[in-house]
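When you get a sec, could you build the whole thing from the sequences and use the hints?
There are 2 protein chains.
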Amino acid sequence: MAVYTEIEDDDLAAFVAAYDIGEIVACKGIAEGVENSNYLLQTGRGLYILTLYEKRVQPADLPFFLGLMEHLAQRAIPCPLPVHGRDGQALRRLAGRPAAIVTFLRGVWPKRPTPAQCGEVGAALARLHLAGADFAMQRPNDLSVAGWRRVLDGCGTRADEVAPGLQAALEEEYADLAGRWPDDLPAGVIHADLFPDNVFFLGPELSGLIDFYFACTDLLAYDLAVCLNAWCFEPTREFNITKARRLLGGYDAVRRFSAAELAALPLLARGAALRFLLTRLYDWLNQVDGALVKPKNPLEYLHKLRFHQRVTGPGAYGLDA
Amino acid sequence: MAVYTEIEDDDLAAFVAAYDIGEIVACKGIAEGVENSNYLLQTGRGLYILTLYEKRVQPADLPFFLGLMEHLAQRAIPCPLPVHGRDGQALRRLAGRPAAIVTFLRGVWPKRPTPAQCGEVGAALARLHLAGADFAMQRPNDLSVAGWRRVLDGCGTRADEVAPGLQAALEEEYADLAGRWPDDLPAGVIHADLFPDNVFFLGPELSGLIDFYFACTDLLAYDLAVCLNAWCFEPTREFNITKARRLLGGYDAVRRFSAAELAALPLLARGAALRFLLTRLYDWLNQVDGALVKPKNPLEYLHKLRFHQRVTGPGAYGLDA
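Same order as they appear, the protein sequences are chains F and Z. If you're matching positions, the first sequence starts at 8 in the numbering used here and goes up one per residue. If you're matching positions, the second sequence starts at 8 in the numbering used here and goes up one per residue.
Hint data in this document are derived by calculation from the structure and do not stem from the laboratory. It is possible that part of the hints are untrue.
Where chains are identical, the list cannot tell them apart; a pair therefore holds if satisfied intra-copy or between any two copies.
Straight-line distance between alpha carbons at most 30 Å, and here's what the computed DSS-like set of lysine-lysine pairs gives [what the hints assert, rightly or not]:
(1) LYS303 with LYS118
(2) LYS118 with LYS35
(3) LYS118 with LYS62
(4) LYS303 with LYS62
The structure displayed is predicted, hence computed values, not measured ones.
Printed below as a string of structure tokens:
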């Protein structure tokens, strides 16, 4: 959860008055989203999410994020729909920060995803990829190969503080991936951060996809690799091949992946593991005193990286190669 | 805001099924209440607050707190009403902790209270005191004179780390207050923590009083002294006598305070300042690494204490002595 920027009553009232959503009934900071301050806003018209974009989000990227959510929501992807003000604008300022109101999505994120939920999330990711195909804007993935190098450099020589030998392992992995990273696979809009806490379910049904603030233009199969890491390892660290099969099968049933995508999956999964390993390492080494966010242990992702390094083909993910 | 205990999906579903409130639609951790984990729970029936009681709350006190809220809500005090399960119980367990569901209150807490809001809160406090008069349960105030001694001892000799000379000033103030603390003023149920973030307004109207987890049996005028400190100082540290006059006037119009209560007010205000100064000092000196709660600066309350030490009579609070 995020820093909670305190909003003055009058500022909030003036902000909400710019929309045709009724009077404020309640507004509570919620523990959702690591990068921004989120509030559950109740008005006479219903429930909304009010987001104040904190410093980690580039203001120049906000039109991409908001435009993408609108594009996807219009194509029946269950994602938040940015609400436009009476002046037509979806993005304005509040408490000195860029701010937007989006629709509230029903559902609860799964603390322990089931195989069936993995299947649902695979299918939803494929639908997101298909719906994003005609989205006009582009945003390079600043946390792909070049970004990993920057984050790795940003950690200096301190990786070994977290685990002996980590620095050398990261450099070696980076060099290998950078030399072999594919550029000829299908690309388009990806979510890039579809962890379980960004996916809501209502009973068995997937009811919402949220937090599009890492979305970008990149290899579609890389998005799937992120999900493989985020959804298919047990808290006890075992890789659950049943969940992987359901995730990949759910995806493939909606958007058939090519033989090239399939063959690249182990490499993409290593890249996806390295990406979260590096950003978690950076946050771990740069903990801010008094911050409200407790950094996640980077070693969870070292373990995932090691798993994919040992994989010899997509059969390890439960697929017929 | 609190630690957010993570609740397993199945545990939450089973918990909610014990109530006649419909199916879970959403459940989000909210930034409300420092001592407990609070979730906004949406069901088919509407909005509720789900509270998990964390370690600072004594389980033995929960029947008092929940019973009091129910007693007050039945007497038209706008406070959360504990919801009883199908078995009649309002208190059960979830994720290894005592837990309860209460009704959701509309409104927003005032970030910068106005004089009119101070008047409303004074009147609401008086109504709470009157409505509590026939509440059968008792709970001693564990943060009154004997409690201050314990907290002061718990700080050891480290007060001077926060401000030079603080240790001696606290001992002196404690000795003076302990020797003169009144025991002959009207007593009853008090809220004991009615800060602005525990009071909701909808437009000009006071719509909710929350967080009864410091409520106890003590001097009614002490509760007013807590409010005087919490509502009538500006962020720039000036005492706003207009707000004090409205707070006290709002109270007096509903429950007339006696000449003895009026005369004791400066002393009670010093006690109320010492109480929050001491607990904030303790929390400041005992910051938990990685805790989600950022401790409040104790010196704000040293300043308030100094103000009341200089007061010669209730006229300083805008009243005719």
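*Index of numbered hints that the structure contradicts, given in increasing order*: Checked against the structure, no hint fails, so every one of them is satisfied.
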